[in-house]
Amino acid sequence: MLELKHELKLSKTRDEKARMNFVSGLRAHVLNDLANGMRAVYEGDVEPGFRRSAGRAPKDGPEVHKAIKPNEYFKFYSSLRVTAQDMVWQSVFPPLERNRDALKSKAAALSKTKRREHGPERQSERGSLTLQPGFEVPRYVSAIDVHLMAGNYDGEYEANDLAAGALYDNGLAVFSFGLMGQNLDDIGQSIAGFIRLKYPHLKPRKILDLGCTIGHNTGSWKDQFPDAEVHGIDVAAPCLRYAHARAEAQGRAIHFAQMNAEALDFPDASFDVVFSSMFLHEIPKKGIANIMREAYRVLRPGGLMLHMELPPNSQLSAYDAFYLDWDSAYNNEPFYKPFRDLKPEELCRQAGFAPKKYVQFVIPSVGWYGEKVWSEAATQPREVDNDKTGRLTDGILWYCFGAWK
Amino acid sequence: MSAARKTSSKGASKPKAKAKPKAKAKVKAKAKPTAVADTPSRQPMRRTIRGGRPYFFADPAIDKLLNMLVVLGSEVWTLRERLAALEAIQIRQGGLAAGELDAHEFSAENEARLAAERKEFIDSLFRILQEQVEEARRR
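Chains as they are written, first to last, in the numbering used here: chain A, 49 to 453; chain B, 22 to 160.
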């Protein structure tokens, strides 16, 4: 299990650490070993059976899903994956519940501190937190426990609560079994760094991260572009409170604000980069269209919109489409498949971006592959790799798409 | 939305029965330190998933048993890590030499006692099968 490396880290007993280690190991086993096993069972058993009765191979994810559903291996894989997912959060609750006072006082102290570990030349720079009393959280967040996380991002259990943010941070550390980086920022580091390498002339003054939750991937933009003013917005107050304290603990000046990405409070043409990660797949289609339009509106001409996401079904084999859609059917991710059924280039065009300004990247995880392979990708474009793109597995590759305004 | 609702409605009546005692037990065991917290309006965090969870086997009891087995596996692992920590501390403090635990042989007396206890343990593990045997013998 990955240990968080900032001051908000929960104190845990020896047994609590061991339980987290177990769940991380279980997840790695399910998502690597059992996932490979399920593919073998599909290829050797399920798919040939389908061919015998239908005279052809399954044409898409839903057909694969229907064919594999009665298979015992699928049932064990799925049941164990749900159990592991639940155990991720259950392993965090006991230490989190015990640490809630300590967490609150640490967060309060951090938002007052002036210490800067990163970039000592910018010691005067501070981050900020802006919440909106009476803010209305959209139903697609307030009504479900996404990825089986009880309480979701926005659950609050006392005044000025930030426990949901801590649940997410500590849960991700268990969930990701090391594949999301030592600071859970591999997505941000891989992508922001890639953009800096690929476009050396890009000098963003203002960067916006949409649906930033605890800001774990927002900070990477500050690291890569230290002169830029970096903003992160989200609808969930407890995550934002935690994000602010977390960024201060890490010495990064980030401005967090409670806002709905569908209706941003920022003026037109005010940002050079608008980014999101693992965000659009949690939004219904209508909301996605609004978000894309808002991204277009707040971008300056020449600015870049970039969304890190799961790869679209149109770029995956039938089996791999099924494999990623599993979450939509069984992991409380109701908008995950509908999003992945959309065509990213059309989403950009509909929002006002010129088709020739569309971009798509498949970026090797800098943590997994190391700097050499990762940096080479800036000059050697990669296609979507069915087995590894957007999938939490050994050799992970991050997918992102967007457009220049 | 429909996918989540569909999967959850399948076991909607049952998961609560399973989830509740588990959550209750944990709250009982762990909530005490927070009871002295200075915030009277603080609620414990909710630990059960809204809408329940999906089940995959024809009988959801199999999914639930599998879950129990894995949770038990987690506790077995936790004990092993604790034992490893204890052994490491003992070695560091000089109470145990490296490899001493693995090389340890029980005395004949200890061995006999352990053998009896092991037999008792195994009997109790499979006691449920014995019930059927005893019923058959009574007939």
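Calculated directly from the structure, the hints in this document are not laboratory data.
Glycine included, C-beta positions come from ideal geometry on N, C-alpha and C.
Hints may be right or wrong, so weigh each one.
Said to hold, decoys possible - Listing some non-contacts, in silico: residues in chain B with all C-beta distances to chain A over 12 Å: (1) R63; (2) G72; (3) D84; (4) E96; (5) E102; (6) Q114; (7) G115; (8) E121; (9) R148; (10) Q151; (11) E156.
Claimed, not checked - Label pairs and their in silico Cβ distance ranges: (12) T441(A) to R148(B): 37 to 47 Å; (13) F78(B) to D93(A): 13 to 23 Å; (14) D442(A) to E126(B): 39 to 49 Å; (15) S190(A) to F147(B): 32 to 42 Å.
Unchecked claim - Sample of chain A residues lacking proximity to chain B, with all beta carbon distances greater than 12 Å (derived): (16) R67; (17) L79; (18) R244; (19) P349; (20) N434.
Cross-check of the supplied hints:
no. : hint                           : in the structure
1   : R63                            : 4 Å, violated
2   : G72                            : 7 Å, violated
3   : D84                            : 5 Å, violated
4   : E96                            : 8 Å, violated
5   : E102                           : 4 Å, violated
6   : Q114                           : 16 Å, holds
7   : G115                           : 21 Å, holds
8   : E121                           : 22 Å, holds
9   : R148                           : 27 Å, holds
10  : Q151                           : 30 Å, holds
11  : E156                           : 32 Å, holds
12  : T441(A) to R148(B): 37 to 47 Å : 43 Å, holds
13  : F78(B) to D93(A): 13 to 23 Å   : 18 Å, holds
14  : D442(A) to E126(B): 39 to 49 Å : 42 Å, holds
15  : S190(A) to F147(B): 32 to 42 Å : 50 Å, violated
16  : R67                            : 5 Å, violated
17  : L79                            : 15 Å, holds
18  : R244                           : 38 Å, holds
19  : P349                           : 37 Å, holds
20  : N434                           : 23 Å, holds
Hint violations for this structure: numbers 1, 2, 3, 4, 5, 15 and 16, all remaining hints satisfied.
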